[in-house]
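Whenever a hint applies, use it, and build me the whole structure from the sequences.
Protein sequences, first through last, are from chains A and B.
By the working numbering, the letter at position 34 of the first sequence is numbered 34, and the numbering carries on one by one without gaps.
By the working numbering, the letter at position 145 of the second sequence is numbered 145, and the numbering carries on one by one without gaps.
Everything labelled a hint here was simulated from the structure, so no lab data went into it.
Wrong hints could be hidden among the right ones.
Simulated restraints on C-beta separations [unchecked claim]:
#	chain 1	residue 1	chain 2	residue 2	range
1	A	Asp275	B	Phe337	44 to 52 Å
2	A	Pro75	B	Ser153	45 to 53 Å
3	A	Pro75	B	Thr320	29 to 37 Å
4	A	Pro264	B	Glu331	46 to 54 Å
5	B	Ala94	A	Arg336	34 to 42 Å
6	B	Phe339	A	Pro264	42 to 50 Å
7	B	Thr211	A	Trp388	30 to 38 Å
8	B	Arg220	A	Gln188	40 to 48 Å
9	A	Tyr385	B	Val152	31 to 39 Å
10	B	Ala267	A	Phe245	20 to 28 Å
Every value quoted in this text rests on a predicted model; they were computed, and no experiment measured them.
Glycine is no exception: its CB is placed at the ideal position from the N, C-alpha and C atoms.
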Amino acid sequence: MAGSETPLLNELEKGPWPSFVTEIKKMADKKPAARDLLGQLELSYKEKRGHWKHGGIVGVTGYGGGVIGRYSDSPDKFPGVAEFHTMRINQPSGWFYSTKALREICDIWEKYGSGLTNFHGSTGDIILLGAPTAHLQPAFDELSEHGYDLGGSGSDLRTPSCCAGPARCENACIDTLDICYSITMEFQDELHRPMWPYKFKIKVAGCANDCVAAIPRADFAIVGTWRDSLRIDQDGVREYAERGFDIQGQVVDRCPTKALSYDPAAKQLSVRAEDCVRCVHCINKMPKAIRPGVERGATLLIGGKATILQTAFLSWVIVPFVKMEPPYTEVKELLRKIWEWWDEHGKMRERVGELIYRLGMRNFLRAVDLPAVPQMVFEPRANPYIFWWPEEIIRK
Amino acid sequence: MAKTDIGPPHYSQMLPPIIKENYGKWKYHEILRPGVLKHVSETGAELYTVRAGSPRLLAIDTIREICNLADKYCGGYLRFTSRYNIEFLLTNPANIDPLIEDLKKLGFPVGGTGPAITNMVHTQGWVHCHTPATDASGIVKAIMDELYDYFVSMKLPAKLRISLACCLNMCGAVHCSDIGLVGIHRTIPKIDHEWVPKQCEIPTVIASCPTFAIRPDPKRKSVQINEEKCMYCGNCYTMCPAMPIADPDNDGVAIFVGGKVSNARSAPKFSRLAIPWLPNNPPRWPEVVQAVKKLVDVYAQNAREGERYGEWIDRIGWETFFKLAEIPFTEKHIDDFIFSVPTFRTTTNFRW
Numbered sequence: 001m002a003g004s005e006t007p008l009l010n011e012l013e014k015g016p017w018p019s020f021v022t023e024i025k026k027m028a029d030k031k032p033a034a035r036d037l038l039g040q041l042e043l044s045y046k047e048k049r050g051h052w053k054h055g056g057i058v059g060v061t062g063y064g065g066g067v068i069g070r071y072s073d074s075p076d077k078f079p080g081v082a083e084f085h086t087m088r089i090n091q092p093s094g095w096f097y098s099t100k101a102l103r104e105i106c107d108i109w110e111k112y113g114s115g116l117t118n119f120h121g122s123t124g125d126i127i128l129l130g131a132p133t134a135h136l137q138p139a140f141d142e143l144s145e146h147g148y149d150l151g152g153s154g155s156d157l158r159t160p161s162c163c164a165g166p167a168r169c170e171n172a173c174i175d176t177l178d179i180c181y182s183i184t185m186e187f188q189d190e191l192h193r194p195m196w197p198y199k200f201k202i203k204v205a206g207c208a209n210d211c212v213a214a215i216p217r218a219d220f221a222i223v224g225t226w227r228d229s230l231r232i233d234q235d236g237v238r239e240y241a242e243r244g245f246d247i248q249g250q251v252v253d254r255c256p257t258k259a260l261s262y263d264p265a266a267k268q269l270s271v272r273a274e275d276c277v278r279c280v281h282c283i284n285k286m287p288k289a290i291r292p293g294v295e296r297g298a299t300l301l302i303g304g305k306a307t308i309l310q311t312a313f314l315s316w317v318i319v320p321f322v323k324m325e326p327p328y329t330e331v332k333e334l335l336r337k338i339w340e341w342w343d344e345h346g347k348m349r350e351r352v353g354e355l356i357y358r359l360g361m362r363n364f365l366r367a368v369d370l371p372a373v374p375q376m377v378f379e380p381r382a383n384p385y386i387f388w389w390p391e392e393i394i395r396k
Numbered sequence: 001m002a003k004t005d006i007g008p009p010h011y012s013q014m015l016p017p018i019i020k021e022n023y024g025k026w027k028y029h030e031i032l033r034p035g036v037l038k039h040v041s042e043t044g045a046e047l048y049t050v051r052a053g054s055p056r057l058l059a060i061d062t063i064r065e066i067c068n069l070a071d072k073y074c075g076g077y078l079r080f081t082s083r084y085n086i087e088f089l090l091t092n093p094a095n096i097d098p099l100i101e102d103l104k105k106l107g108f109p110v111g112g113t114g115p116a117i118t119n120m121v122h123t124q125g126w127v128h129c130h131t132p133a134t135d136a137s138g139i140v141k142a143i144m145d146e147l148y149d150y151f152v153s154m155k156l157p158a159k160l161r162i163s164l165a166c167c168l169n170m171c172g173a174v175h176c177s178d179i180g181l182v183g184i185h186r187t188i189p190k191i192d193h194e195w196v197p198k199q200c201e202i203p204t205v206i207a208s209c210p211t212f213a214i215r216p217d218p219k220r221k222s223v224q225i226n227e228e229k230c231m232y233c234g235n236c237y238t239m240c241p242a243m244p245i246a247d248p249d250n251d252g253v254a255i256f257v258g259g260k261v262s263n264a265r266s267a268p269k270f271s272r273l274a275i276p277w278l279p280n281n282p283p284r285w286p287e288v289v290q291a292v293k294k295l296v297d298v299y300a301q302n303a304r305e306g307e308r309y310g311e312w313i314d315r316i317g318w319e320t321f322f323k324l325a326e327i328p329f330t331e332k333h334i335d336d337f338i339f340s341v342p343t344f345r346t347t348t349n350f351r352w
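Encoded structure:
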């Protein structure tokens with residue numbers, strides 16, 4: 001179908017990269033929603049503007065989030081997308097799937113939705129694109145029956161996500177999959193019932209490579225690291241050297257703190273552990289020879305967000321090192337304290353990082369009972385505008 | 001009544017036996033060729049990963065085809081990456097080539113590993129978003145077609161992460177990408193004075209403006225916008241549907257460069273403005289595609305081995321970057337928002 005009706009979109013079926021237009025067309029014969037999505041999208045391509053109406057609150061019983069309401073602004077022309085709501089489904093940790101699970105989700109979405117999905121959305125959920133209002137509850141009921149649950153949306157805890165971690169990565173210093181699952185299960189209420197000033201994202205990365213962009217994108221970033229020395233296997237070093245790999249140029253010279261030294265005659269690499277900042281560059285370059293240390297845990301950071309409103313923030317270190325052992329009570333307690341403070345002081349649509357920026361890190365640290373340590377800053381303040389607590393002032 | 005708050009399925013149900021057996025025991029990995037990884041465990045076990053690009057928007061019929069391949073070659077398990085790639089997890093290396101052949105037949109490119117371009121993180125755009133300043137999937141498709149060769153090979157100086165957000169809300173790590181594209185508006189919202197009082201909470205709308213450009217219009221029980229102060233973020237529109245900001249002729253794409261997510265070598269950093277605006281020119285955005293192509297090529301030709309985009313610019317200086325990239329530097333590149341001052345040069349040290 002639709003070939004002759006979507007001349008602009010058809011242009012996007014050309015070229016070697018797989019085409020989303022082809023994907024929509026695949027469902028267009030079976031699903032009026034997919035057919036009318038094509039039609040409306042073609043109109044957007046012609047007019048250079050979107051054709052979705054603003055907002056609209058829909059959902060399923062018992063939840064305040066997880067479904068994004070979406071209505072066409074031209075329902076007469078495109079009745080199939082008059083109601084085209086999105087369901088966010090909480091993905092399994094690390095985006096690992098059995099084909100059985102994926103087929104179940106497909107079957108349910110064939111029954112109730114447009115048959116179109118995103119694997120995955122930006123926060124990490126499985127995105128089921130496009131269902132009418134009346135199908136939301138039955139779709140959820142059936143998803144729930146098969147063991148799936150909705151993710152977050154609105155001013156709530158957004159679906160936590162994590163990297164492949166120990167399941168398929170030698171760099172993982174923490175069990176990202178378990179931490180992500182454990183936090184998700186602990187805070188189901190916060191995830192499903194928006195009650196905060198704004199959204200709150202948690203991401204868990206196994207090492208400093210941060211493959212889930214926790215520091216740029218999460219209000220609360222858990223990043224795996226170690227506290228002792230990285231481990232060097234000199235046999236591995238020799239192997240790289242004999243292969244002609246430029247250890248001096250690609251690894252030693254690029255170590256940000258000059259913590260490595262290499263003896264080309266002996267083909268030996270050594271590290272000054274006290275100078276190493278655990279950036280994992282050398283491990284990335286020589287995974288067969290260099291490994292993280294054994295005293296492992298996480299650095300916790302807070303406040304990351306994209307631009308809206310005043311600026312983007314990268315998350316800031318608040319706990320340089322914490323052991324990450326199940327059930328991760330220390331981290332969960334810290335999260336509760338953070339939310340309590342943010343909930344009390346945050347303005348509507350103020351992310352926690354913006355609140356810390358507005359009220360000052362000292363107020364935040366005091367509220368959540370964390371000590372100030374030099375690992376929190378690149379450098380200390382350069383101005384003399386120092387705030388003092390009342391008890392620090394000498395009164396006679 | 002369905003059960004609520006059951007959470008996601010436990011990840012252990014989703015892991016193939018080889019991963020369960022070697023969980024936390026992986027020792028190292030190698031990239032055997034573009035798109036093919038080999039992970040070796042302390043136990044000696046070997047896991048092969050074949051990474052394939054996807055359009056992110058997938059029909060269920062396609063997912064079933066993907067499942068067929070995972071059943072045929074991977075014992076019924078697979079995973080997705082944070083950048084929408086599909087990863088097939090194999091224990092038998094003899095299955096790699098047949099799998100890649102089957103993927104080719106389905107139209108999925110294999111690659112995205114090592115010093116390469118991987119899939120573009122992107123947002124919904126006109127497919128499903130109500131505040132977009134540009135489309136997402138269409139531009140991504142056009143760019144990935146153009147850069148396809150960089151996905152299926154490993155010939156760049158280092159990994160190159162390209163991302164696109166269709167508006168300033170930036171659902172995606174666009175602000176820390178080697179090349180980040182952002183849909184922007186350039187004109188102020190059009191106020192529908194009839195609907196503002198009915199649909200919007202006026203104090204909230206006023207408070208939503210980061211530049212204090214919105215003031216009340218008591219006569220009309222509506223609001224007014226100070227055109228000189230508005231920087232077109234669209235936040236008021238998010239709060240108030242009666243203030244649409246979309247403008248087909250003036251909306252477009254800004255391109256930022258040099259950001260990164262990883263802590264490797266240096267701290268994560270933001271991407272910085274390279275090109276302030278290019279027009280929305282569907283269906284294939286030729287101006288944007290050519291600009292990105294040129295930004296990639298100039299990096300590929302000039303950066304040293306192992307240098308990310310921003311590290312390359314750090315070494316040569318922004319003044320050299322603009323010259324090499326043949327991008328005119330304008331007053332638009334000089335920050336005039338609230339955190340601008342640290343970006344002004346306070347030294348006589350610079351290049352010509």
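Indices of hints not satisfied (ascending): 1, 3, 5, 9
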